[in-house]
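Chemist: Chain by chain, the residues:
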Amino acid sequence: MSTLTLNVSTVSPLGDRVFLKVNRAEEKTAGGILMPDTAQEKSQVGKVVSVGPGLRSGNGSYAPIDVQVGDQVLYAKYSGTDIKLGNEDYVLTKAQDILAIVT
Amino acid sequence: MSTLTLNVSTVSPLGDRVFLKVNRAEEKTAGGILMPDTAQEKSQVGKVVSVGPGLRSGNGSYAPIDVQVGDQVLYAKYSGTDIKLGNEDYVLTKAQDILAIVT
Amino acid sequence: MSTLTLNVSTVSPLGDRVFLKVNRAEEKTAGGILMPDTAQEKSQVGKVVSVGPGLRSGNGSYAPIDVQVGDQVLYAKYSGTDIKLGNEDYVLTKAQDILAIVT
Amino acid sequence: MSTLTLNVSTVSPLGDRVFLKVNRAEEKTAGGILMPDTAQEKSQVGKVVSVGPGLRSGNGSYAPIDVQVGDQVLYAKYSGTDIKLGNEDYVLTKAQDILAIVT
Amino acid sequence: MSTLTLNVSTVSPLGDRVFLKVNRAEEKTAGGILMPDTAQEKSQVGKVVSVGPGLRSGNGSYAPIDVQVGDQVLYAKYSGTDIKLGNEDYVLTKAQDILAIVT
Amino acid sequence: MSTLTLNVSTVSPLGDRVFLKVNRAEEKTAGGILMPDTAQEKSQVGKVVSVGPGLRSGNGSYAPIDVQVGDQVLYAKYSGTDIKLGNEDYVLTKAQDILAIVT
Amino acid sequence: MSTLTLNVSTVSPLGDRVFLKVNRAEEKTAGGILMPDTAQEKSQVGKVVSVGPGLRSGNGSYAPIDVQVGDQVLYAKYSGTDIKLGNEDYVLTKAQDILAIVT
Chain A
34 MSTLTLNVST
44 VSPLGDRVFL
54 KVNRAEEKTA
64 GGILMPDTAQ
74 EKSQVGKVVS
84 VGPGLRSGNG
94 SYAPIDVQVG
104 DQVLYAKYSG
114 TDIKLGNEDY
124 VLTKAQDILA
134 IVT
Chain B
34 MSTLTLNVST
44 VSPLGDRVFL
54 KVNRAEEKTA
64 GGILMPDTAQ
74 EKSQVGKVVS
84 VGPGLRSGNG
94 SYAPIDVQVG
104 DQVLYAKYSG
114 TDIKLGNEDY
124 VLTKAQDILA
134 IVT
Chain C
34 MSTLTLNVST
44 VSPLGDRVFL
54 KVNRAEEKTA
64 GGILMPDTAQ
74 EKSQVGKVVS
84 VGPGLRSGNG
94 SYAPIDVQVG
104 DQVLYAKYSG
114 TDIKLGNEDY
124 VLTKAQDILA
134 IVT
Chain D
34 MSTLTLNVST
44 VSPLGDRVFL
54 KVNRAEEKTA
64 GGILMPDTAQ
74 EKSQVGKVVS
84 VGPGLRSGNG
94 SYAPIDVQVG
104 DQVLYAKYSG
114 TDIKLGNEDY
124 VLTKAQDILA
134 IVT
Chain E
34 MSTLTLNVST
44 VSPLGDRVFL
54 KVNRAEEKTA
64 GGILMPDTAQ
74 EKSQVGKVVS
84 VGPGLRSGNG
94 SYAPIDVQVG
104 DQVLYAKYSG
114 TDIKLGNEDY
124 VLTKAQDILA
134 IVT
Chain F
34 MSTLTLNVST
44 VSPLGDRVFL
54 KVNRAEEKTA
64 GGILMPDTAQ
74 EKSQVGKVVS
84 VGPGLRSGNG
94 SYAPIDVQVG
104 DQVLYAKYSG
114 TDIKLGNEDY
124 VLTKAQDILA
134 IVT
Chain G
34 MSTLTLNVST
44 VSPLGDRVFL
54 KVNRAEEKTA
64 GGILMPDTAQ
74 EKSQVGKVVS
84 VGPGLRSGNG
94 SYAPIDVQVG
104 DQVLYAKYSG
114 TDIKLGNEDY
124 VLTKAQDILA
134 IVT
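Residue numbers (our numbering), protein chains in the order written: chain A, 34 to 136; chain B, 34 to 136; chain C, 34 to 136; chain D, 34 to 136; chain E, 34 to 136; chain F, 34 to 136; chain G, 34 to 136.
So that you can see chain A by itself, here it is in the shape it has in the complex (with noise of 0.2 Å):
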């Protein structure tokens, strides 16, 4: 039985998916996002870690994805895969769950 040995570098994310870092979940006053309860379990902050080629489209080019490493994001809580590595949490989410860059 191989022993399957990773880190976050050997994650490549495939189609209009992204590798996100996730921030903790923290209220923020001072200008901050302070999350109202309903936000605060519909949305996350996390931080891209890398980026999916794109979708394929009909004659087989891939539709560009508009967040790139490094960015700030905030993206639908519920809606992609979480994985954790060492003690950090990661999430593989689709591009179309991010809704905003926050940086």
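Possibly wrong hints are sitting among the right ones.
Distance windows between CB atoms, simulated [as the list claims (entries may be wrong)]:
| hint | chain 1 | residue 1 | chain 2 | residue 2 | range |
| --- | --- | --- | --- | --- | --- |
| 1 | F | Tyr95 | A | Ser112 | 30 to 40 Å |
| 2 | A | Ala109 | E | Tyr111 | 33 to 43 Å |
| 3 | B | Ser112 | E | Asn120 | 40 to 50 Å |
| 4 | D | Asn92 | C | Gln101 | 16 to 26 Å |
| 5 | F | Tyr95 | E | Asn120 | 15 to 25 Å |
| 6 | G | Glu121 | C | Tyr111 | 35 to 45 Å |
| 7 | B | Arg57 | G | Gly91 | 47 to 57 Å |
| 8 | F | Asn120 | E | Tyr111 | 19 to 29 Å |
| 9 | C | Ser94 | A | Asn92 | 21 to 31 Å |
| 10 | A | Ser90 | E | Ser42 | 48 to 58 Å |
Don't read these hints as lab results, they were simulated from the structure. Here a beta-carbon is modelled for each residue, glycine too, at the ideal position from N, C-alpha and C.
We have chain A already, so just place chains B, C, D, E, F and G on it with the hints.
Modeler: Chains B, C, D, E, F and G alone, transformed into the frame defined by chain A:
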């Protein structure tokens, strides 16, 4: 853990999303919008703060959005993601859920 | 807090929406529209106040809407968003939910 | 309050809708349409009174409808909006819910 | 009230519909179609009486239907609208619900 | 009442359907397909007897199907219509429900 | 009754399906993939054994699949059809359910 400090200007909506500042729901009498109960639950007034690039069509171009920064709009109340910045309520909603411009 | 003062002329529907003034439901006998119970719940008569630009097709042009300001129309009752202006009932509905012109 | 006085000729269906005068459901024996229970609930006979322009395709043209004024047709019973004009039953239904021409 | 007198020849299916005369379900042993219980409920044999023009594609032409008058076919049992003409059972079904030609 | 006598060769699938002879489900040990319970319920092996013309695309041409008469295939078990011919089990299934060729 | 003897090399996936050998789910600590409970149920690691031709587009060409034989991938756990060959677990899954390449 880097602290996330945001303000209105750093929120750039993606795709066909629009970032609105929410007007406090008040009953207007003299010609203002007085919403019968059902409507009060269904639509809400807000001011456009920033507008996404629009959805990408097959050939990579963006489909423009028909509202501009500063427009007062009526939108479907439960369609977006609520965001609190300081003491103010904001919402990230899709262009298709904005019903009308009201100024 | 700026007070929001609106009247009919300031409501500009977006997309394929139409802004209607609602006719009070009355049972018409002499040749008028007398709606059997089921229909009374399903359709309603209103007058076109303003018309949106229509939906944008792929090439950016608008698909025109087949009703005009002043038309008396029959529309599907629970399809739009109700709005009260002063003592009058209005509704923002989609063109596809307008069944027929009735004048 | 203006009184709304309508008759058959003032109802102009929109889109792909067809305005039908409903035939009273009667069991026909000699070769006529005798509908087993299930069908009696599922389809109904009516006469075409007026026909909408058809649905607009992407290039703005209308897709023609395959029935004409005066045709006797079989249609899916619960698909349209019922309308009573005087003592007669009418229905506004979509072309796709008209199953066959029966004369 | 005009009496509606119909017979098989006056039923002209619309769109992609096909008018079939239903074969009485009988268990065939010697090589015939013997349908296990599940299938007996799911498919049925019938003879093509008349065929609609087909569905209209965007450019207004009709997409042809792959069965002809006189073909014996196997179709999905609960997909159409049943019609009784005299003592015979008929059904108006969609071409896509006809599974195979069986002669 | 004409008696319907059929055998395998008279069944011509329509559209994108494929006519398969069902292999009796047996647990294969030495390298054969041993299906864990969940799979046993989800997929089944069969032999291609005849293949439909494929689905018609907009321009009237048929989209070819990627299996041929004689192929041994794995298909989704509850996707088709079962047919018994004599003592043998057959099924009419859609090409999209055939998972793999297994010889 | 012909006995069906298969091994890995005889399974040729159809359409946009990919044939994977399943990695036994193990909790990896030092930098490996440690999946929080929710993820453990939602995604799984496997090795690509064979790849289908891809889906046919309208003009008959195949849309290529972005993984190759030998890739280690993360896929949505309950999306495919499980297959046991000897003592090993395999799965036939769709390309769209493969989330990322993880080596």
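Chemist: Each of the hints needs a verdict: does it hold here or not?
Modeler: Evaluated hints:
Between Tyr95 (chain F) and Ser112 (chain A) the beta carbon distance is about 38 Å. The supplied range of 30 to 40 Å therefore holds. As the Cβ distance of Ala109 (chain A) to Tyr111 (chain E) is approximately 39 Å, the hint placing it in 33 to 43 Å holds. At roughly 56 Å, the beta carbons of Ser112 (chain B) and Asn120 (chain E) sit outside the given window of 40 to 50 Å. A beta carbon spacing of about 22 Å between Asn92 (chain D) and Gln101 (chain C) agrees with the range 16 to 26 Å that was offered as a hint.
Against the hinted window of 15 to 25 Å, the Cβ-Cβ separation of Tyr95 (chain F) and Asn120 (chain E) comes to about 40 Å, which falls outside the hint. Distance hint check: the CB atoms of Glu121 (chain G) and Tyr111 (chain C) are about 56 Å apart, inconsistent with the given range 35 to 45 Å. For the pair Arg57 (chain B) and Gly91 (chain G), the beta carbons lie near 52 Å from each other, so the given range of 47 to 57 Å is met. The supplied range of 19 to 29 Å is met by Asn120 (chain F) and Tyr111 (chain E), whose beta-carbon atoms lie about 28 Å from each other.
Taken as a hint, the range 21 to 31 Å holds for the pair Ser94 (chain C) and Asn92 (chain A), whose Cβ atoms sit roughly 23 Å apart. At roughly 50 Å, the beta carbons of Ser90 (chain A) and Ser42 (chain E) sit within the given window of 48 to 58 Å.
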